[in-house]
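**Student:** Listed here are the chains, written in short residue letters.
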Amino acid sequence: MSSRHNDLSWRVGGPQGSGVDTAARMFSYACAFGGLYVLGRREYYSNIMGRHSYYDVRVSAAQQPTSHRETVDMLVSFEAETLARHTTSTVAGGVVIYNVKDEDIPFERITFLDRRLREDLASYLREQELPPTTAGLLEDARRRGVQTFAFPYDEIIQALAQKLDVHKSVAQRTLNTIAVAVSVGMLEYDPECLVKALEKIFSGREKIVRLNVTAAELTYEYVREQFDFEHFAFRLSVNNQGKRMVVLNGNQASALGKLAGGLSFQTYYPISPATDESVYLEGHHTFPLRTGGTGSVVVVQTEDELSAITMAAGAALTGARSSTATSGPGFSLMVEALGWTGINEVPLVVTDYQRGSPSTGMPTRTEQGDLLFAVRAGHGEFPRIVLASGDVVETFHDAAQAFNYAERYQVPVIHLLDKNLASTTVTVPPAELEVEGIKIERGELYISTTQNGQDPFPRFQPTETGVSPRPVLGQPGTLHWYTGGEHTVYGRVTEDPVVREQQMEKRMRKLEVIAREIPVEEKFRVYGDADAPLTVMSWGSNKGAILEALELLAADGIAARLVQVRLLWPFPSDELRPYLESASPLVVAECNYSGQFARLLRECTGRACDYLIVKYNGRPMSGQALREALKQIHAGRAEHRIVLRNPYE
Amino acid sequence: MAILESIKVTRKEYQVDFPNDWCPGCGDFGILSSIQQALAGLGLLPHQVAIFGGIGCSGKTPYYVHAYGVHTLHGRVLPFAAGAKLANPELTVLAVGGDGDGMAIGAGHFVNMGRRNIDLTYILFNNEVYGLTKGQASPTLPLGLQTKSLPEPNIQGQVNALMLAMTSGFTWIGRGYSYNVKQLVRLIQEAVQHPGLSYLEVLQPCPTYNNLHTRDWYAGKDRPDGQPRWYDVQEEGYDPVIPEGADEETVQAKLAQFVEKAHEWGDRIPTGVLLVNRNVSTFEERIAQRIPDYRSAPPAKRPIADDEGRSVAVLDAFFEELAVES
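These protein sequences, in sequence, are chains A and B. Counting in our numbering, the first sequence runs from 1 upward without gaps. Counting in our numbering, the second sequence runs from 1001 upward without gaps.
These are calculated hints, taken from the structure and not from any lab test. If you're wondering where the values come from, they're calculated on a predicted model, not measured in any experiment. Hints should not be assumed to be uniformly reliable.
[Stated by the list, open to error] Label-pair restraints from in silico Cβ distances:
| no. | chain 1 | residue 1 | chain 2 | residue 2 | range |
| --- | --- | --- | --- | --- | --- |
| 1 | B | T1214 | A | P458 | 40 to 46 Å |
| 2 | A | H379 | B | R1115 | 49 to 55 Å |
| 3 | B | E1248 | A | F112 | 45 to 51 Å |
| 4 | A | P458 | B | W1265 | 57 to 63 Å |
| 5 | B | R1115 | A | A92 | 55 to 61 Å |
| 6 | A | Y45 | B | T1133 | 53 to 59 Å |
| 7 | B | D1247 | A | D114 | 55 to 61 Å |
Ideal placement from N, C-alpha and C gives every residue a C-beta, glycine not left out.
Excised from the complex, chain A in its bound form (with noise of 0.2 Å):
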């Protein structure tokens, strides 16, 4: 068996509620402090206890993972609905870790393991003559040359409450530390890493350091007696010294962008993935400034997403950076308020995590649904920027460029991300997140000089780019008024035809300084084989899997290149022209059913794409999956649209 050093696909999983996320941020800070770089993902259902949550950690020491892997190297578990759904993806060589108590659980028992799980699996084990239990999957796990380990979970638990006399409920607390344990055991990690990474978890509660790095030696005494290491090609070592890495996921990166981007007023009505942005903030709010004396930011929790949007509007004719973060029910609501703001040009940021949509669809899982819908939210017409990052530092940097463009070109930015980078952790060496370097451009922002003008201001005044100097509320001397009517260059209303003309032709004239200003390299990225003539073409999230895909075909000897446009409206017709010539075969891949970004694509240049890969099935696209596909289509041999499914995610 080839030894697997260093480049790892773990997995662990259990009832929400239980302490699956600590479990893995307890492994991804263990492997970060060892300098190994860490790709986290997290999937859930809309629920707050019982039902099944996993969480994937991609480790490696050469590079930082850029995508999940649908197959597991080591899975981790302490009940059976985990095993019953995770164990058919692990590999040949890898391990599963179960609590001996769940070796053989019949599938009926598994309360939420959903019926066509239950019968796709049941059906796989007929094949195989195995029956429908947790004891046929182990079977079929080692016919494939699976290890399974049979650990004793409460046996641990008994001897840790033992030794340092404590209650067993207490003990019993250690479970997901013990879990880890057993990973860091098999694999020979150094332990001294996750003492650190509990000591950052339980950062000066020095008893509970104590009681899980005790549980934390039990478990690996036991692993090091009873693990057939032999049969285990997997292995993790410390890597680097003196590594320092930031470890956050998209929530987080957005937020921080948003702080280094002069945010000051926030407003959000709870939903699932927008929220812990907001919360983030919330519990951020004040910060010092290298000028001296204090940042903050005010964070307001409101009634609906009606009155966060508006909101966030009033605040933002007052001068303060302003946003709201929402997702696309929430979005769906605002868009009255959207038009306002762009009649008004109004600098606003919303920023949109997309999700299983339409109406409540899967809250916690991942879309790409909303694109056309963002491009086009509103009635009539109005200019506005749709900005969409690509992975979590993109997402930092994006966030606090998007109140640049609000405020240079008075427009609402709507900032699209997704429960895929939201709930995606990395690691990211601090450089990649530098604050001092971040610009700040506040357009024509007019502050006034006079103590005391009563004179009205002509706030709308047409200009050749369309962008007018924009004084604020409260100010002497520049009075004026805001009207969600046509209005005339006071902000007066008005329905006078040619008033009407020139204030729609000022406000859309924006979007051709904006498509003129923005540089190229802002717009879209390109990466892998620049010249390749296999182009893959997409928006958002699905980067990593696409550069992970890249790889995996050079390795193969395929070259390809990806065009990842970021700015998709307005959209960059011109500067993708020379991409879309030499595209053969040109590939759209992104995660919705129809191609949204196809279609604009075809609106706005005309050229169709030759394959579109699209995954509806609310979980991300990985890098293996879309190497398959790209090998298909390399091949000749793949149909126009590929649909990527995994019915085990």
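Dock chain B against the given chain A, drawing on the hints supplied.
**Tutor:** Here is chain B on its own, set in the frame of chain A:
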């Protein structure tokens, strides 16, 4: 600002050179005039004031005041106004709108604004009908009444806006009448000066669509004694104030007398200041507890960039929470 304080502000400074398109005899005129007089009388300069309007005839009020004016969306006037006030607490913020705007499409905002007690004044123009869309019943029209453009008597019940304001948490509640300008000016000034969220309901005839509650009806011309239906509670010695630190018993008693007044209607319609609750902190005070510099560096004014246009935020501590070093 000593110089500014010595300037006498007149109503004229709040008047605009912009044609008014309300119907002749509309109650809105009395309210508009009262707003202008009240603001001038408080010595506020137009640029220190922002007036937000909802949608409907009354929502156009900001058009007719020489101050920062923001004509918003149907029902959304309160959150717009709240956003501006919270971002720049020095602004004097008024929100105005009709009974449909505030009690129907905007009722959710009305209720939740009460929970915050932001220092702004909401004036609800109550004429019981949707004027601009030709006289449909509003949520304040009593059940069974049939104003002239209704094909059938009103089939939906009435919301008691005063009661809703109280239960939502508004800390200053008053009622005026659009043709009692003298009282209305005083009420607006008290509402603006109240440090917290004020609700001022102004009863007004709609001469075009409300043929039941007309100017003559409010004036009591149909009554045997010919006396107006409205009266000023303060003239009868009504004390609306719940003082700071009031005990539970006092609070209960004040609320009970308010409830009584809020249900009076018909031949005796109470106007004046009906409730002042000084026992509740403002939202601004609550923010300042979290963010000590909130008043001196509010969202509208805090520095975000240095002279070179670079971010001045220092987020090291936040990154440290997330950092790991091998």
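**Student:** Next, verify each hint and record whether it holds.
**Tutor:** Do the hints match the structure? See the list:
| no. | hint | in the structure |
| --- | --- | --- |
| 1 | B/T1214 - A/P458: 40 to 46 Å | holds, 42 Å |
| 2 | A/H379 - B/R1115: 49 to 55 Å | violated, 32 Å |
| 3 | B/E1248 - A/F112: 45 to 51 Å | holds, 48 Å |
| 4 | A/P458 - B/W1265: 57 to 63 Å | violated, 48 Å |
| 5 | B/R1115 - A/A92: 55 to 61 Å | holds, 59 Å |
| 6 | A/Y45 - B/T1133: 53 to 59 Å | violated, 45 Å |
| 7 | B/D1247 - A/D114: 55 to 61 Å | holds, 58 Å |
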